[in-house]
Amino acid sequence: NAGVTQTPKFQVLKTGQSMTLQCAQDMNHEYMSWYRQDPGMGLRLIHYSVGAGITDQGEVPNGYNVSRSTTEDFPLRLLSAAPSQTSVYFCASRPYDREDQPQHFGDGTRLSIL
Amino acid sequence: DQQVKQNSPSLSVQEGRISILNCDYTNSMFDYFLWYKKYPAEGPTFLISISSIKDKNEDGRFTVFLNKSAKHLSLHIVPSQPGDSAVYFCAANTLNTNAGKSTFGDGTTLTVKP
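Residue numbers (the numbering used here), protein chains in the order written: chain P, 677 to 790; chain L, 544 to 657.
Among the hints, erroneous ones may be present.
Claimed, not checked - Per the computed footprint, the stretches of chain P lying under chain L, defined by three or more beta-carbons under 8 Å from a beta-carbon of chain L, are:
no., region
1, 693-699
2, 741-749
As the list claims (entries may be wrong) - Straight line, CA to CA, 30 Å or less: simulated DSSO-like cross-link-like pairs of lysine-lysine:
no., chain 1, residue 1, chain 2, residue 2
3, L, LYS656, L, LYS548
4, L, LYS611, P, LYS685
5, P, LYS685, L, LYS580
6, P, LYS685, L, LYS548
Please keep in mind that the hints were generated in silico from the structure rather than gathered at the bench.
Computed from a prediction, not measured in an experiment: that's the story for all the values here.
A virtual CB, placed ideally from N, CA and C, is assigned to each residue, including glycine.
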């Protein structure tokens with residue numbers, strides 16, 4: 677069972693570069709989300725989606741874009757990387773409208789911005 | 544304003560003893576709570592949850608207690624094992640909303656010494 681797959685696992689960027697973090701899930705979950713985790717801090721929500729074609733902002737959306745063209749994929753784009761975006765990024769999914777169900781997380785992308 | 548707080552960044556216990564991890568919340572609209580466990584270089588995985596209509600939920604060595612009046616929950620691990628060493632996140636949801644967002648605490652790093 678693949679679950680939630682994130683690529684790449686590691687990435688180093690220079691300030692100003694752009695890149696896309698990939699996230700795919702094979703559980704047919706409508707709800708998908710992106711979090712960042714900084715040292716000593718919890719998971720902060722960047723963007724989320726409740727289905728194909730529907731996205732919304734979380735608590736820390738600045739500097740990131742998302743789109744949801746299919747149920748399976750939810751890519752996160754950094755438009756112009758900044759050192760403050762150095763973090764570990766997690767993608768998660770769960771069935772929509774089932775807040776009593778846990779989220780399934782990928783193993784994360786560790787991103788360093790120089 | 545942090546709505547979910549885990550005030551102990553770390554906890555160290557001896558193998559076989561009880562581990563108690565605490566979580567406080569401020570938003571009275573939260574009505575479902577989850578604990579996740581996270582090992583290094585992996586994504587968080589679901590451990591146990593509790594609905595606000597209950598005050599206790601048990602699953603093997605893990606028990607979660609909820610005190611709604613105090614807006615406090617705790618995770619008890621008995622007996623603790625070295626394999627339980629991980630970061631534990633408390634998360635809170637609001638049921639029956641179409642946002643479906645979870646709010647996470649900053650995590651507690653548990654170390655179980657052999």
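We went through each hint and held it up to the structure:
1. 693-699: violated (count 0)
2. 741-749: Result for this restraint: violated, n = 0.
3. L:LYS656 x L:LYS548: The given pair, whose Cα atoms are some 25 Å apart, holds under the 30 Å limit.
4. L:LYS611 x P:LYS685: violated, 39 Å
5. P:LYS685 x L:LYS580: holds, 20 Å
6. P:LYS685 x L:LYS548: holds, 29 Å
Of the numbered hints given earlier, the model fails hints 1, 2, 4; all others are met.
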